[in-house]
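*Asks:* Listed here are the chains, written in short residue letters.
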Amino acid sequence: MMRRLPDIAGGIPRRGASVLVLGLVALFVAGAVWGQEDTRCLDCHGKPGFKKVLPSGRTLDLFVEPTLLRLSVHKDKHCVDCHADVNEVPHKEIPQKVNCRKCHYQGNTEGAPQTGRYLEFDNSVHGKALKAGNPKAPACQDCHGDHFILPGSDPRSNVSRSNIPQVCGGCHLQIYGQYRESIHGKAMASGVKDAPVCTDCHGEHTIARPEDRTSSVNPGRVANTCAKCHAKVVIMKKYGINSEQVATYEESFHGIANEFGVLKAANCASCHTAHDILPPDDPRSTVNPKNIPKTCGKCHPGANANFAKGRIHIDAKDPSAGIVYWVALGFKVLTVSTLLGLFLHIGLDLFRQIRTRKEKDGGNGKTGEERS
Amino acid sequence: MSTTPANGWSQQDSEAVIRATDEKLRDALSSDVPPGLTTEEAARLRRTLLDALPREAAQGARRLCHVFATDRERLREAEAKQRTRLAREASAVERLSLHLRVQHMILFSSCILLIITGLPIKFHESAVSGAVMSLFGGPSVTGFLHRAGAVGLTLIGLYHIFYSVAFRSGRRDFGLLIPKLQDAKDALRQILYFIGRRKERPLYGRFSYIEKFDYWAVYWGMVVMISSGFILWFKEAAINGFGKSIYDIAREAHSDEALLATLAIVIWHFYNVHFNPKRFPGSLTWWNGKITVDEFKEEHPLEYEEWRLSGKVAGEQEAAGEAPPGDNA
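Line by line, the protein sequences give chains A and B.
Number 371 marks the last residue of the first sequence (numbering that gives the first Met the number 0); no jumps.
Number 328 marks the last residue of the second sequence (numbering that gives the first Met the number 0); no jumps.
Treat the hints with care, since some could be wrong.
Here are some of the chain B residues that sit facing chain A, going by a computed Cβ distance under 10 Å [said to hold, decoys possible]: (1) F107; (2) L118; (3) I120; (4) M132; (5) Y158; (6) I238; (7) N239; (8) Y246; (9) D247; (10) A252; (11) N271; (12) V272.
Ranges of calculated distance between the beta carbons of each label pair, as one might list FRET restraints [said to hold, decoys possible]: (13) B:G137 with A:C102: 44 to 52 Å; (14) A:R212 with B:I111: 28 to 36 Å; (15) A:G346 with B:I111: 22 to 30 Å; (16) A:I240 with B:L191: 33 to 41 Å; (17) B:F229 with A:G176: 40 to 48 Å; (18) B:L262 with A:S161: 36 to 44 Å; (19) B:G137 with A:L118: 32 to 40 Å; (20) A:V97 with B:L134: 51 to 59 Å; (21) A:R212 with B:P178: 51 to 59 Å.
Just so you know, the hints here were simulated from the structure itself, not pulled from any lab data.
For every residue, glycine included, the Cβ atom is placed at its ideal position computed from N, Cα and C.
Put together the whole structure using the sequences plus the hints.
*Replies:* What follows is the structure, given as structure tokens:
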């Protein structure tokens, strides 16, 4: 910023004046020029309909609504603070994509938030792709927006929860379509605040491929991720959903195998799918009884309609488990009574042996080692 | 004094020496010839002192020994007991045939393998389970070993049924293992004996109610574990045939019966063959099939009587050579 002052302010003396005078003058001039500078950019970019037709035939809308920046978190910034490579008007080159890292790094003095997210992003699937030079990889502004950046808590923000699906859907169009039809997407659209959006499962700046073991959607961690909501009684009670589903999964062979690192064992998404989750009563749902043979058949070839006979999530301690509950109870009674009987028998045997030994000891003054 | 043997060295003797030498001790040790002594006297004194040290030490050690082995009588008693034990062992007879022992060995090897590889699944939250799983090389190896154990258990179970039908000894033993009203009476009498309400233990034949219980507990366990285990192993076929519930029932039964069987073995069977004070640290019958005549008479008096009448055991001192229950098909 400052280095551009002489270009614009021309003849202002920079040498030989007292520091105080220079400072005051600089402040005044700077204020005047900063205000002017945006004005100069807006001479063109502030005209509605200002656009450029690229050689490819694509039309680029270059109009910038000036009030947007003033309403955003960057209200004190000026065009060239970010578009730093623009140094003449009109600029001949198409400016580079803005590099937010100019201010957004941990330890910055620009007033940008001090957070580890900048680095997290570098390790995310998007950050890695960006670094590798993938032109389609999203940088900060692709999700957060450009001139109208607001904190995520502001509902008008690009990254507010209710806007996230559209933002991600901008690139992940097919998945967005699935999500919008899913029970989660529909709930979100109808204003259910608890319904998950993309980032609730995938993470934000930490987003990683499912194959990545650190990913929240890695097969080994999916159950934990779903459990964030589905194991919470407070949330599930509101929608009449069983909050034991994760616990029963973890006790199932699928869950135990998964726990021991067998990632081919089914996790929540293996049966319920990831993006087009639908309630079992929906005929399109993968867990609709009609579709169960096909769903189970993905891993259990030849599964037939009998796979849908009986419940999938079983809690043997709950009477609703039916015959399994009674089997468990029966075994509990059998085990306790058998062990009590055996312990009693052992105790009585030992009692008798000790008494016999004492009698022998008392009788002839010797240790009774003889068999009773 | 120097000629007296070490064990004759008394407290008084050593005190006398110390008294006698006390005044001259320092001089005797510090110079070749202390003043007032001839060279010979000095030499003898030095010898005496040097001799006394190890003797005193030996005496002390002996006194220490007496603290632990309070009297010779005890020692003799222990030796006699050892002799009796050896004599008893020499008189042992083979009560369980090699045929049975091998069945038992295959059974317990399979069971141990099954328990070690199975319990980590039941107690999956425990850190020990993860360690056991890793020790074997992960869940897939553990799963394979569990199935290997299952095959062993199944085959030995089937073979035992064959043995119980096709072999004379098997048929005889199976017949003797069938629970009878007498067993209930025996159990009651045994309890009364335990609590001191009866003077004598009931007289048992080849199998007491305890052994019958063990046998049928294993039978029940094998039926439950093998049938449920195969449903879990061939789950697709089982569910396709009978619905998903059969899998859930099998899973529950397999898990619960596993715990029951493990506890019964670890508590009851280990008590009977290892931790019972009569047996500790363990009976070797599983290995050589032998039982001492004393134990035989005490624990299976009716069977012993049968053996005596048929000439399989001659008398108390004579070892009844080879008289296993026949394996003749």
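*Asks:* Indicate, hint by hint, whether the structure satisfies it.
*Replies:* Structure-based check of each hint:
With 10 Å as the threshold, the beta carbon of F107 of chain B stays out of range of chain A, its nearest partner Cβ sitting at about 18 Å, so the hint is violated. Taken as an interface hint, L118 of chain B does not check out: its beta carbon lies about 12 Å from the nearest beta carbon of chain A, beyond 10 Å. Given hint, I120 of chain B at the interface with chain A, holds; its Cβ is 6 Å from that chain's nearest Cβ, closer than 10 Å. Because the smallest distance between the Cβ of M132 of chain B and any Cβ of chain A comes to about 5 Å, under 10 Å, the interface hint for this residue holds.
For Y158 of chain B, the suggested interface contact is broken, since its CB lies about 27 Å from the closest CB of chain A, more than 10 Å. Look at I238 of chain B: its Cβ gets to within about 5 Å of chain A, closer than 10 Å, so that hint holds up. Given hint, N239 of chain B at the interface with chain A, holds; its Cβ is 5 Å from that chain's nearest Cβ, closer than 10 Å. Annotation: Y246 of chain B was flagged as interfacial toward chain A, and the flag holds, the nearest CB pair being 8 Å apart, inside 10 Å.
A cut of 10 Å between beta carbons decides the hint on D247 of chain B: the least distance to chain A is about 5 Å, and the hint holds. Restraint check, A252 of chain B versus chain A: the minimum CB separation of about 6 Å is within 10 Å; hint holds. At about 9 Å, the closest approach between the beta carbon of N271 of chain B and any beta carbon in chain A falls short of 10 Å, and the interface hint on this residue holds. Given hint, V272 of chain B at the interface with chain A, is violated; its Cβ is 13 Å from that chain's nearest Cβ, farther than 10 Å.
For the pair G137 of chain B and C102 of chain A, the beta carbons lie near 49 Å from each other, so the given range of 44 to 52 Å is met. Roughly 35 Å separates the CB atoms of R212 of chain A and I111 of chain B, a value that falls within the hinted 28 to 36 Å. For the pair G346 of chain A and I111 of chain B, the beta carbons lie near 27 Å from each other, so the given range of 22 to 30 Å is met. Here the CB-CB span from I240 of chain A to L191 of chain B is close to 59 Å, at odds with the stated 33 to 41 Å.
At about 45 Å, the beta-carbon gap between F229 of chain B and G176 of chain A stays in the expected band of 40 to 48 Å. Range check, L262 of chain B to S161 of chain A: Cβ separation about 55 Å, and the 36 to 44 Å hint is violated. Judged by the Cβ atoms, the range 32 to 40 Å given for G137 of chain B and L118 of chain A holds: they are separated by roughly 34 Å. Between V97 of chain A and L134 of chain B, the C-beta spacing of about 55 Å keeps the proposed range 51 to 59 Å intact.
A beta carbon spacing of about 56 Å between R212 of chain A and P178 of chain B agrees with the range 51 to 59 Å that was offered as a hint.
In summary, the structure is inconsistent with hints 1, 2, 5, 12, 16 and 18 from the numbered list given earlier, while agreeing with the others.
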